[in-house]
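> Read off the chains here:
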Amino acid sequence: MVENNLLSIIIFAPLAGALINWLIGGRLKNEMFSGLVACGSIAISTIVAFYLAFVAGGGALFNQKPTLDHIWTWINVAGFRADFALGMDPLSGIYACFITFVGLLIHIFATGYMHGDKGFYRFFAYLNLFMFSMLTLVLADNYLLMFVGWEGVGLCSYLLIGYYVKKNEAREAAKKAFVMNRIGDWGVLMGIFLVFTLTGSISFFDKTVDGVEVQSVFTYVLANMQAEPFTWGAIIAGGLTSIGVLLFIGATGKSAQIPLLTWLPDAMAGPTPVSALIHAATMVTAGVYLVVRSNAIYQLSPTAMWIIAVIGAATAIFAATIAIAQNDIKKVLAYSTVSQLGFMFLAAGVGAFVVAIFHVMTHAFFKALLFLGSGSVIHGMHHEQDMRRMGNLKKYMPITFITMVMGWLAIAGIPIWAGFFSKDEILYKTFAADKYFQNGYFPGNEILWAVAVVTAILTAIYMTRMMVMTFWGEERFHEVLPGEEHHGHDAHADAYTDDDEDEHHHALPPDFKPHESPWVMTVPLIILAFLSTVGGLVGIPYAMSSLPVVSSIVGKEANHFEHVLDPVVAEVQTPAAEKARENAKAHSPEAISTERWLALLSIVLAAVGIAIGWFGFRSNPLRKMPKILEDKWRLDELYNGYIVDPLTRLSTNTLWKGFDLGFIDGIVNGIGSFVSELGGIARNIQGGFVRSYAAFIIGGAILVLGYFVYYGYKLIG
Amino acid sequence: MDFVSENLLTLLILLPVVGAVGLIAHQMFWKQEEHLKWVTLAITVVVFLLSLLLLGEGGTKAGGFSFVKNVPWIEAINTNYHVGVDGLSLWLVILTTFIMPIAIISTWHAVEKRPLAFYAFLLLLQSAMIGVFVSLDLLVFYLFFEASLVPMFFLIGIWGGANRIYAAVKFFIFTAVGSLLMLVAIIALYFMHQQATGVGTFDFVTLLGSIESGTLAFSASTGLLLFIAFALAFSIKVPLFPFHTWLPDAHTEAPTAGSVILAAVLLKMGTYGLMRFNFPLFPEAARELAPIFIILAIIGIIYGALVAMVQPDVKRLVAYSSVAHMGFVILGMFSFTEWGMQGALYQMLNHGISTGALFLLVGFIYERRHTREISEFGGLANVMPLYATFFVITAMSSIGLPFLNGFVGEFMIMIGMWKSSILAVTATANWNYIATMAAGTGVIFAAVYLLWMIQRVFFGKVTNEKNRGLVDLSPREIGLMIPLLFLMVFMGVYPRPFLDRSRDAVVAIQERVVKQAGGTVEVVETFEKE
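Chains W and Z are the protein sequences, given in the same order. Counting in our numbering, the first sequence runs from 45 upward without gaps. Counting in our numbering, the second sequence runs from 33 upward without gaps.
It is possible that part of the hints are untrue.
[Stated by the list, open to error] What the simulated footprint calls covered on chain W by chain Z, stretch by stretch (three residues with Cβ under 8 Å from a Cβ of chain Z suffice, anywhere in the stretch; the number is not a length): (1) 116–127; (2) 219–231; (3) 366–380; (4) 687–699.
[Said to hold, decoys possible] Simulated restraints on C-beta separations: (5) W:T252 with Z:G246: 40 to 48 Å; (6) W:R71 with Z:K498: 23 to 31 Å; (7) Z:I324 with W:I672: 45 to 53 Å.
Read the hints as simulated data drawn from the structure, not as lab findings. Ideal Cβ positions, reconstructed from N, Cα and C, are used throughout, including at glycine.
Can you build the whole structure from these sequences, using the hints too?
In C-alpha cells:
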C-alpha cells in the first residue's frame with residue numbers, strides 16, 4: 045500500500061476553483077479572472093494526476109499496488125464502512141489522466157466559446173464542480189464514494205444542460221437527464237447493498253485504516269465465491285449475477301444504453317463544450333468504468349456479461365441508424381456517442397475489459413475533438429447548428445476542417461488513426477469470444493460480431509455525411525428548410541444568454557461569412573487532432589505489431605496499454621478463465637491470421653462506408669432520410685405514451701382525487717358532519733366552527749370514557 | 033451554573049411558558065406590538081443556546097438518561113415529573129430549539145392580526161414539544177403530546193389560509209382521536225402494573241424495568257392491543273399511510289412558521305414515540321406487526337411521491353413529499369437493525385431541516401405573490417437567482433443527493449432494510465430485498481416531482497407579468513437559509529458526531545426488540561469476518 049496525500053489535490057483543486065468562481069467570480073464578473081481560476085485549477089489537477097500516474101513512486105500506472113489517500117471516515121455504522129478515501133491504480137490512473145487532460149483542453153476552448161456570456165463565471169463554476177465529481181467518481185476507493193461522484197456528475201450534468209434556463213428544450217432535457225440517470229442510480233444503489241451483503245465490504249482495494257484491515261470486495265470474491273451458472277435464474281438469485289445486472293442498470297443510465305438512452309441526445313441543448321466534456325469524453329464513460337472496475341464480479345457471472353454484450357451491440361446499431369438521419373450536427377455526434385458507448389459495452393461484455401478502456405480513451409480524444417470542432421463550426425456560423433444550412437466551410441475554417449478530418453478518420457476506423465486499433469480489437473474479440481471469454485462458450489457471438497460490423501459501416505457513412513454536409517458542397521447559409529417560413533428557431537441551442545429576451549435567432553445576414561475561431565479554440569483542436577491521430581499507437585495489437593513492416597518500427601510487443609492494465613483485470617481461478625488467459629498469451633498462428641484478415645476486412649468496410657457517404661451525399665447533401673430514423677424510432681413517444689402519461693393519470697385521478705380526496709376524506713368528512721349533527725343542539729349558542737369543535741370534544745370524551753370503563757373493568761375485574 | 037445544569041430540561045420547558053406570560057404582561061402595560069417579535073425571538077434564542085448545554089452529557093451515558101429530574105407530581109396516582117434526555121431525544125430537542133428562532137424570523141413581517149396571541153402560541157408550542165421529547169412519565173408525556181395540539185390548532189385556524197377552519201379541525205380530529213386510545217393504553221398499563229406489583233405507575237423507566245424483569249407480563253393479544261393503541265396515535269402523527277390526509281391540508285393552510293414547525297418537529301413526535309415507547313415496551317408486538325408497518329411505509333413512500341408529482345400547489349407538493357420521507361423513517365425503524373434505526377433517527381433530523389427549509393422557501397414566494405400555484409410561476413430563476421439557487425440546493429438535499437444530509441439517512445435506512453431479517457419467512461424466502469427495492473423507487477420519484485416542479489417554477493422565460501418585478505431574497509431571508517444550508521452540507525459530509533451520540537440509545541432499543549427472538553428473528557449481525 046502506497047500512501048500519497050497529493051491524490052486529494054486532484055479532486056480538491058477543481059472544487060476550490062468552483063467555490064472561488066461561485067463566491068468571488070460572481071461579484072467580479074471578469075472573464076479573465078473566472079477563466080484563469082477554472083483553467084488553472086484543472087491545470088493543477090492535470091499536473092498532479094500525471095505526476096502520480098507516471099512519476100511518483102514509480103508511477104501508479106506501473107505499480108502492482110494502488111496509491112491510496114485516506115481523507116476521513118464518512119460513515120462507519122455497525123460494520124458498514126465508507127471512507128472518504130481515494131485510490132489510484134492503473135484503471136483510475138488512466139481515467140484521471142485523460143479526464144484532466146481532455147478536461148483542461150475543453151476548459152481552455154470554453155473560455156473562447158463562452159466569451160461574452162452573462163453567466164460566464166457560473167458556467168465555469170459548474171464545469172469545475174463537474175470535474176470534482178468526475179474525478180471523485182474514478183478515484184474513489186469504494187463503491188459508496190464512487191456513487192457520490194456518480195450522483196455528482198449527474199447533478200452537474202443537470203445544471204449544465206439546463207444552463208440556458210430560458211430555453212424550453214434545455215430545461216426539459218435537463219430534467220429528463222437527471223431522472224433517467226436516477227433510474228439507473230437505483231440499480232447502482234441496490235447493487236452496492238448486495239455487494240455489501242455478500243462480501244461485507246465495499247472497498248475497491250485491500251487497505252489498513254486506523255489499524256483496521258479492510259479487505260476489498262474483489263479479494264473476497266476471488267477467494268470465496270464460485271462462478272455462477274449461465275442461466276436466466278441467476279439474475280434473480282441474489283448472487284454475483286444479480287450484482288452484475290443491478291450495477292449494469294446504473295451503467296445504462298449513465299452511459300445512455302438501451303433502454304435509458306434518450307436523455308443523451310436531448311442533453312445537446314447544453315453549451316457545446318459541455319457536450320464535449322460531459323456527454324462525450326468523460327461522464328458517459330463512467331458506466332464502462334463501473335463494469336471494468338467490477339470485473340472480478342462480472343467474470344464470475346456470465347449471464348450478466350452476456351446481457352451487457354447484447355445490450356451494447358443493440359445500442360450501437362440502434363443509435364447508428366438514427367445518427368444517419370439527423371440534420372443537427374450535435375445530434376449526429378450525440379447518437380454517434382451512444383453508438384460508440386455500445387461498442388465499449390460490447391467489448392466489456394465479451395470479457396475484453398482492457399479493450400473497452402482502450403476504446404474509452406481513444407474515443408475521448410476523437411469525440412472531444414469532433415464535438416469541439418462542431419462547437420467551432422457553430423461558433424463560426426453564429427449559432428447555426430443545422431447542417432442543411434452549412435456547406436463549403438472548409439474554405440472559411442481551414443483549421444477546424446483539417447482537425448475534424450482527423451477525428452473523422454479516427455472514428456471511421458482508418459489505420460493508424462486512434463479509433464482503428466481500439467474498434468478493430470473489439471470486433472476481433474467479439475468474433476473470437478469463444479476463445480477469450482472467461483466463461484468459455486459465448487452464445488451468439490457471431491451475430492454480435494455481424495451487428496458490430498454493420499455498425500462500423502454505418503459509422504463511416506454517417507460521419508462522412510456529416511463532414512460532407514458541413515465542409516464540402518454549396519454554401520447553403522440561407523437555405524429555407526421544408527416546413528419553415530423563415531430560419532428555424534429550435535435548432536439554435538447556444539444563442540441565448542441570460543438577458544437575451546428574444547428567443548428568435550434572426551436569419552443570418554445576406555452577406556454572412558463564417559469565420560475561423562480564435563486561437564484558444566483552435567489550439568485545443570490541434571492537440572486533440574494530434575492525439576486522435578497517434579493516440580492509438582500505445583495499444584497496437586500483437587497481430588499487427590508482429591507484421592514485419594510494423595515490428596521493424598515499433599517492435600513486436602507494442603501493446604503497452606494491455607500490460608499497464610494487467611493488475612486491474614482479476615485473474616479468476618476457473619478452468620475456463622485460465623484457458624482464456626492462455627489463449628490470449630499464446631498468440632497462436634491461426635488466431636493471428638484470423639485477426640489480420642478481420643482487420644483487413646474492417647479497413648475495406650470503413651472505406652466502403654466512406655465511399656457510400658461520399659457518393660451518396662456529395663452531390664445531394666440534402667438527400668431525404670427515412671422519416672422513422674429522423675424521428676429516432678419514436679422512442680420518446682413510446683415512453684411518454686406508455687409510461688409517463690398513464691402514471692400521471694393514475695396519480696391524479698385514482699390516487700389523489702380518488703383515494704385521498706374521495707375515499708379517506710370522504711369517511712372523515714362523513715364522520716365530521718355526523719358529529720356536527722349531534723352537536724346541533726348547541727347550534728344557537730355558538731358559531732359553526734366552535735360548535736363542531738365543542739361537539740368533537742364531547743364526542744371524544746364519551747369515546748375515551750367508554751374505553752376507559754371497558755378496559756378498567758376488564759383488567760381489574 | 034450548577035442550578036442551570038441540574039434543572040436544564042425544566043428550564044427549557046418553562047422558559048417559553050414564562051416568556052408567553054411575559055408577552056401578555058408586556059402587552060398589558062406597554063402596548064408595543066412591534067416589541068413582541070423581538071422578545072419572542074430573544075427567548076427562543078436563549079432556549080436554543082441553553083439547549084446546546086445538553087451536548088455536554090446528553091447521549092453519553094450508555095443506556096441511560098442524562099439531566100434527569102424526577103419529582104413527585106400527583107402522588108395520589110403516583111405521577112412524577114420525570115424528565116431526561118438520551119441519545120434518542122437529544123438531537124430532537126436541539127432540532128426543536130434550533131428551528132424555533134428560524135420559524136419566528138420567517139414570519140417577521142407576515143403577522144398582521146393579533147400578534148400577541150400568535151407569538152404566545154408559538155412559545156407554548158415550543159414548551160409542549162420539548163416536553164414531549166424529554167418526558168419519561170407516560171402521563172406527563174401524554175399531557176405534553178396533547179398540549180402541543182392546541183397551539184397548532186389555533187395557529188392554523190386563526191392565521192392560516194383561506195380554508196383554514198377545515199384544515200384545523202381536520203388536524204385536530206385526526207390527531208386527537210388517535211391519542212385518546214393511547215391514553216386508554218397508558219391507564220391500562222398503570223392498572224396492570226398495580227395488579228402485578230401492587231403499585232400503579234406511569235413511570236416509563238419503572239414500567240420498562242418491570243417488563244424487562246418479567247414482573248409485569250401480558251399475554252400476546254394484550255400486548256398487541258396496547259401496541260396498537262400507542263402506535264395508532266403515533267402513526268397518525270407521522271403520518272403513516274393511510275392516515276395522512278390531514279397533513280396536506282394542515283400544511284397548506286398553516287402560516288409559514290406553522291408549516292415549518294409542523295414538518296420539522298411535530299411529525300417527529302410520532303416516529304419518536306414509536307421508538308421511545310412502542311418498541312421497548314412491546315417488543316414482541318413490534319416484531320409481529322412490523323411487516324404491516326413496512327408495507328404501509330413502502331406504500332406511503334411511493335404513494336406520497338406519485339401524488340406529490342401531480343399537485344398544482346407547491347406547498348401541497350412539499351406536504352405530500354413529507355408523507356414519502358416519513359415513510360422512509362418508519363421503514364428504517366421497523367427494520368430493527370442498527371443501520372435502519374440510526375438512519376431513521378438521522379432521517380428525522382434531515383427531514384426537519386430539508387423540509388423545514390422547503391416550507392420556508394415556499395413561504396418567501398408566497399409573501400411576495402400571495403399564491404403558490406405552480407402554474408402562476410415560471411422563469412423565476414431570471415428574476416430571483418439566489419432564491420433559485422437556494423431552492424435547488426434544498427431540493428437536492430430532499431432528493432437525497434450524496435454529500436447532502438438526506439442521502440446519509442436514506443442510505444442507512446435502505447441498507448438496514450436490506451440486511452434486516454424481519455421479513456424472513458424462511459431462510460430462503462426473504463422479502464427484505466424486495467421491500468428495499470420497492471422503497472428505493474421512491475428515490476427516483478423524489479427526483480421526478482421536485483425537479484419537475486423546479487423546472488416549471490424556475491426555468492424558462494418569465495411568462496407571467498406579475499413575476500417580472502419580484503425582488504430576490506432579503507438579508508433576513510438569506511440569514512434564515514444559511515444555517516439550514518450549512519447543516520445540509522455538514523450533516524451530509526460528516527454525520528458521525530450525530531450518529532455517535534445517538535448510537536447507544538438506539539442500539540439499546542434495537543437489542544431490546546430483537547433480544548427476545550422467538551426463532552424468527554435473530555440478533556441482526558454486524559458483519560464480522562476474519
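> How does the Cβ-Cβ distance of W:R71 and Z:K498 compare with 23 to 31 Å: does it lie in that range?
For W:R71 and Z:K498 the Cβ distance comes to about 30 Å; the hint holds.
> Does 45 to 53 Å hold as the CB distance between Z:I324 and W:I672, or does it fail?
holds, 50 Å
> When I compare C-beta atoms, does the segment 687–699 of chain W have three or more residues closer than 8 Å to chain Z?
holds (count 6)
> Per the coverage rule (Cβ-Cβ under 8 Å, at least three residues), is the segment 366–380 of chain W covered by chain Z?
This one is violated; 0 residues, fewer than the three required, reach chain Z with a Cβ under 8 Å.
> Are there at least three residues in the segment 116–127 of chain W whose beta carbon sits under 8 Å from a beta carbon of chain Z?
Result for this restraint: holds, n = 9.
> Under a C-beta cut-off of less than 8 Å, do 3 or more residues of the segment 219–231 of chain W approach chain Z closely enough to confirm the stated coverage?
holds (count 7)
> Kindly confirm whether 40 to 48 Å is satisfied by the beta carbon distance between W:T252 and Z:G246.
holds, 46 Å
The structure fails to meet hint 3 from the earlier list, while all remaining hints are met.
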